[in-house]
Amino acid sequence: MATKAFVLGNNIDTDQLAPGRYMAAGIEKLAVHCLEATYPRFSHLSSPGDVIIAGDNFGAGSSREQAVEALKFLKISTVIARSFAGIFYRNAINLGLPAIVCKDVSGIQDGDFVKLRIPKNKLDVPSRNLSLDLEPIPPNLAEILNSGGLIPHLKNRLNPNN
Amino acid sequence: MFIGVFILYMSLAQKILSRAADHKYVNVGDIIVAKVDLAMIHDSGGPRRVAPILKELKSKIFDPSKVVLISDHFVSSGTSEGNDILKFTRKWAKHEKVPFYDGEGICHVVLPERGHLNPGMLVVGGDSHSPTGGAFGTYMFGIGATEMAGVLATGEIWIKVPETIFLNWSGQLKPAVMAKDMMLFLCRKLGMDGGRYQAIEFSGDAIEQLTMQERMTLSNMTAELGAQVGLIAPDKKTEDYLQSLGNDPGNWQTLFTEIKADGIEHHDFDASGLEPQVAAPHSPSNSSSIGDIEKVNCDVAYIGACTGAKYTDLKAAATILKDRTVVSTTKLRVAPASLRDQNKANANGIMKILEDAGATFLPNACGICAGYGTDRLASGITCISSTARNFRGRMGADSSEVWLGSPMTVAASAITGVITDPREFLKS
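Keeping their order, the protein sequence lines are chains A and B.
Read in this note's numbering, the first sequence has 135 at position 142, and its numbers run on one by one without any break.
Read in this note's numbering, the second sequence has 1486 at position 322, and its numbers run on one by one without any break.
Calculated from the structure, these hints are not laboratory results.
Mixed in with the good hints there might be a few duds.
Said to hold, decoys possible - In silico DSS-like pairs for lysine-lysine, Cα to Cα no more than 27 Å straight-line:
1) Lys148/A with Lys1255/B
2) Lys1222/B with Lys1188/B
3) Lys1222/B with Lys65/A
4) Lys22/A with Lys1251/B
5) Lys1224/B with Lys1255/B
6) Lys1219/B with Lys65/A
Given the sequences, and given the hints that come with them, work out the whole structure.
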């Protein structure tokens, strides 16, 4: 299934993803404002399953997990970036949001339809005849991601008989 | 066949991580599982977020004596949601019997001042400025709430053993040039991802001369460089400081980076040539020497945050503001980073100098820096701030503009109403 790509730039920070002034509110209120300073009306324009394509250092700044939760609440399926900020990357995996490195995202335009082929580590952009290489997720993290995140992963580990 | 005896040289990061993972040696790039010596949480990412996860995991805290809880985000938030979060935080602290500092300052400043950090420890913090602990030779880094819940349940964390990006600063900073200026300079030179989630380590005679709190500013802002940690090898100054708190700094002399260790990248900088720096909206990497910017009027001058309102920051600001007054068109707001630092500044006449100059004081909390509280920036406001980040909308309205500078630059700007080189006020 092809999904729509929202293309963003470098250094998308956690204040853009989860603005501090809405942090006391619940995620349903916070998510409305996700990326609004960068991509007006993002929360209205995105649909479940869509992907974000970004440049370097996606998720820079705070350790707030709401940056990931807001994207999950909006049902963004995957974030693909040239590179990720360290804490955001860990948070994404821990919350079960695939964060995948793609070293060359320059050929993708905002609104393109893309197709992810995870087992092959490929990102296809059919309308542009592109098939881009994705970096494989390290095995210890793939394990967490495949469990659906750190909580289910730890549940299995700590309560194996449940 | 020749069997050689290999000496395995290690970086400071490798030494701490091999000990914490209970290995003789760890390779750069290895993914290890290590035991944490301490976990720090605050009211925003702490109890309200970890409690439901621990419940779901049917887990208890692995060791409540290895957890420190500090309320700093929603202190005086002025909202009912914020008050509810604080209420829950207090209830949880009592129930879980974890050490708790309530409204006594910002976690990154309170944690070391209360003696919780020592060289060689592995510490996780539920906040991105956790690398601040690196100033004490502590491997401390920030994690999110779910991962923190995992740490609280298991006492463990995974770490990819980092390369070390060695930043050597020679020479001596000129008067009115501070650690903050070094970091704004580095944000421009290395970029917001220049740290590549590896270990940054500061060294050189310029670093040796810095006070412990100035060193904390360096380590703190390695978060802005995207490093996992910002280490400074302990020295005699570290030992003296920790002993003054009643700590036993232990065998700190072994904690340094061996020059032959793998994966070391060297950068050299000259501290004596550095000018005061300011960063234009909306990134710390938009920095330049203060002489290179056009005239910028400021509505608000803010001395706050773990980055820029510690005792040494307040003291530095006071050297500029002594016997001077804040211009009527600008509001100077000061949120001392901790109660203890505020008391010390009070005892030494520093608070009086700031007050006489026209400063208004805010609670010992994250406050405006993290977009909390009623004083956050209104639309269209321009602010010069001693904080770490000027991302769009972080400190208030999306249309507000935040410039970053040292506490001395903020103080000088408060006097004139425009962003001003603090050296102008040193001569007279």
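Going through the hints against the structure:
The straight-line distance between the Cα atoms of Lys148/A and Lys1255/B is roughly 26 Å, inside the 27 Å bound, and the hint therefore holds. A distance of roughly 34 Å separates the Cα atoms of Lys1222/B and Lys1188/B; the hinted pair therefore is violated under the 27 Å criterion. Distance check on the hinted pair: Lys1222/B and Lys65/A sit about 25 Å apart at the alpha-carbon level, within 27 Å; holds. Annotation: proposed proximity of Lys22/A to Lys1251/B holds, straight-line Cα distance about 22 Å (limit 27 Å).
For the proposed pair Lys1224/B and Lys1255/B, the alpha carbon gap of about 16 Å is at most 27 Å, so the pair holds. Taking the CA atoms of Lys1219/B and Lys65/A, the gap is near 22 Å; set against the 27 Å cutoff, the hint holds.
In the structure shown, a violation is registered for the earlier hint numbered 2 alone.
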